[in-house]
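Asks: This is what each chain is made of:
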Amino acid sequence: MSWILIVEQSLNGLQFGLMLFLLAAGLTLVFGIMDMINLAHGSLYMLGAFLAATLVQATGSFAAGVLLAIPATALLGMLLEMSVLRTLYARDHLSQVLATFALILILNEAVRIIWGPDMPLSVPAALSGPVQLLPGMVYPAYRLLIIGVGAAVAGALYLLVARTRIGMLVRAGASNREMALAMGVNIRRLFTLLFGVGAGLCAVAGALLGPLFAVQVGMGENILILAFVVIVIGGIGSIRGALVGSLLVGVVDTIGRAFLPLLFGIFFQPRVASAAGPAIASVLVYLLMAVVLYIKPQGLFPARG
Amino acid sequence: MLELKNLSKRFGGVVATDDVTLEVKRGEVHALIGPNGAGKTTLIGQISGSLGSDAGAILFEGLDITHAAQHARVRSGLARSYQITSMFKRFTVLDNLALAVQARSGSSFSFWRPVSAEAPLFDEARTIAGEIGLAGREAVVVAALAHGEQRALEVGLALATRPRLVLLDEPMAGMGPEESENMIALLERIRARITVLLVEHDMDAVFRLADRVSVLVSGRVIASGAPAAIRAHPEVRKAYLGEDAKA
Amino acid sequence: MGRAAPWIVLALALTFPLAMQAEHQTYYLSFASRIFIYALAATSLNLILGYGGMISFGHAAFVGTGAYVSSILLSEGVASAWIGWPAAVAASSLAALVIGAVSLRTRGVYFIMITLAFAQMVFFLVNSMKAYGGDEGLSLRERASLGLGVDLGSDFAFYYAALAALAAGLYGLHRLAHSRFGRVIQAIRENEERAEAIGFPVYRCKLVCFVIAGAAGGLAGALLASHGKYVNPNVLHWTQSGTLMMMVIMGGAGRLWGGVIGAAALLGLEDLIANHRVDWLAAIFPNYQQHASLGVGTVLLAIVLFAPQGIAGMLARKKHA
Ligand SMILES: Nc1ncnc2c1ncn2[C@@H]1O[C@H](COP(=O)(O)OP(=O)(O)OP(=O)(O)O)[C@@H](O)[C@H]1O
Ligand SMILES: [Mg+2]
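Protein chains in written order, with our numbering: chain V, 1 to 305; chain Y, 1 to 247; chain U, 1 to 321.
Just so you know, not all the hints are guaranteed correct.
[To be verified] Here are the simulated distance ranges between beta carbons:
no.	chain 1	residue 1	chain 2	residue 2	range
1	V	Leu133	U	Val102	37 to 43 angstroms
2	U	Tyr132	V	Leu144	48 to 54 angstroms
3	V	Pro297	U	Leu12	44 to 50 angstroms
4	Y	Arg10	U	Pro6	51 to 57 angstroms
5	Y	Ser105	U	Val102	28 to 34 angstroms
No lab work stands behind these hints, which were simulated from the structure alone.
These numbers were taken from a predicted model, which means no experiment stands behind them.
Note that beta-carbon positions come from the ideal geometry of N, C-alpha and C, so glycine has one too.
Next up, chain V with everything else stripped away, as it sits in the complex:
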């Protein structure tokens, strides 16, 4: 096991973790403030990726396409909030789960009707090569870009929530919903805006990850579950928890997949190792979540009580 591989996989983990944070941030705020489970969050990630793919095609520029996809997705998110999600705030979790599950079905089909099952979106030519990070170590330029953008957006979001007046309102909501509601009429608009921001973040993640995975119907479903794992580990409603949880899940998942099979190879016979290694690696984050909840049933950074 060379140190280069370790650094490289750590960077991959960081990159995935940052993208997870973009998804988890919106999810945890909505969850924390409105006590609302929104499974359709993953659909916004998918919509963001499809919109980006279309707009990149239309404009001929990766950057322009992605930058345009963000406000477009944010707008769709706000429309979704105003039309359906808003009516679910006062309902129980079960209704929220089912209604947003229905939205997944509807949005998946809508995307299939409009775009078909998938869309091409590839790494821009200028970034398709590797860069030399250290002597003897190269890393794909595009992944570095994701890390850079992810870190910048995550940092900005963190400051927004932790330092500004809007952030204060949001945090007040997360720890005291009644107080937030009592703060007046603007709170409705604040939630719509919040949804818009959440949807925009989904678009960033969807557009940036699109070239690495694939822009296809249903792409939001597995990553959505990971985002839920993140916020449950971090503590629902806590932006700090979401950040820590994202990085933890990103790194554990990536490192686990890369090294667990090797590690098993040291201790077990090859036949056992090649079967058990990937199996355990693929459930590592869920094990992590189960263990965290067993020890701290409210997650690592409980936002309430």
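Position chains Y and U with the ligands against the provided structure of chain V, taking the given hints into account.
Replies: Then chains Y and U with the ligands, alone, in the frame of chain V:
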């Protein structure tokens, strides 16, 4: 019958109960009074087992139950009622009471035989309904009961578990004078067979019913004794009865 | 439903295959069997979700475990249903015991999410079982065999086997709901804290309920695998858990017939859209039949928003009105 030894409970920075040592003797009505936020409900939670304790011990009939599960405490004869009414709202009065009777008679891990075939459960539930003044109201869904009736059923649910010691958390909260009289009459009837730890703000009721009174202020027991002694206790007058003594 | 209704439904179900004309028989018998199996799975979820108030988002784990255990036994040459199905039930019960023991310590959203996470774990584990097909799934040469001169390979016989399993499941739920245990479970759904405060061991009761539901789900899984002679990890995917929840809520949570009505309505609706062309609709929207889940999603959304009591709830309300 019940001994609390140096019991404490903290919520984050708030010390709700602080080094509480208290004895409830068999057969008495022991009133626990104290201003709002004194820790009375917390103490009841600790005794009944819905809240864990940070320090101290609880002995019930000589047995250490500090770490026993709540349902196990109920089965050994220690029941509670709630300050804020807490029942099975969509069930009828009779079903509420029958459930409580079921909880202490026989196993609940019976999956096949219909409960409706168990006449004794419902007979006893009806008896209790009569005892708490809800005769004729058995078929009414709890959510449709008047406030006073709900309060009566709240206590009835605790009594239906046939406790030897019952912890009543402000049974008269929100009751009108007539309903309060009914509740006092009910407590007078049960005191012969059940030991009572009574949390109550209604001083009139407390001094009519209590054999002994303990005063909790800021989580600490500042006085414990006969009603007359408590009434005269200077610290109690200052800390708590001050505003109430004239009334 | 009235007292006679269940018997009428049963009589109809029993005579249905005889009334089928030979040309349509295979298709409809197979479709009806699928409904029965999903109805059993949804009914088992209804026990914990509707009666017990435990919002488990991982029920596919138990259905899937049952499906895989019975399929693996079949592929290893253990053909008897008398071994394969009990083994599936036992494995699913064990899975429910382990998952429930951990999950039931949490509350609310955390419970929803931890059950989901456990189901994902089972999903990925099965996905990586290369010896049994991995993500490609496992094809079976034949269905489990029942012996006694019954050939489950025939859709006719399988139909009755699935019907019997569903009928047994429903009758079991009916008995359970009115038993001591059933009343405790429903009391816990209403007010968990008070249930503990009048002396019920709440955690243990919920766990037992969870295991019973897991066992019944496992049987449904075993039937499902035999029915299609094929199983793949998608039976364990979280969207399957969502589909089962959808059936329960559509049909009516906490109502005896909820799971059955929901399964029939959902699968029926899918079939209706995909296989029965409506000309005027096709004129407006040519490919609509390929997008059945758009219709299903819309109906589900409408039910959640406007009729949260489900179809069984609406029927019951009509009767009272
Ligand atoms: N679950 C909890 N979390 C945090 N603090 C709590 C909790 N329960 C009670 N407290 C605090 O503990 C203290 C004691 O509360 P408690 O309800 O026991 O008082 P009480 O004597 O019953 O008051 P009252 O007469 O109003 O019923 C209060 O300061 C209260 O705010
Ligand atoms: Mg109180």
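Asks: Hints first: check each against the structure and report whether it holds.
Replies: Hint-by-hint comparison with the structure:
1. Between Leu133(V) and Val102(U) the beta carbon distance is about 42 angstroms. The supplied range of 37 to 43 angstroms therefore holds.
2. Distance hint check: the CB atoms of Tyr132(U) and Leu144(V) are about 40 angstroms apart, inconsistent with the given range 48 to 54 angstroms.
3. Checking the proposed 44 to 50 angstroms range against Pro297(V) and Leu12(U) shows it holds: the Cβ atoms sit about 48 angstroms from each other.
4. The beta-carbon spacing between Arg10(Y) and Pro6(U), approximately 56 angstroms, falls within the hinted interval of 51 to 57 angstroms.
5. Taken as a hint, the range 28 to 34 angstroms holds for the pair Ser105(Y) and Val102(U), whose Cβ atoms sit roughly 32 angstroms apart.
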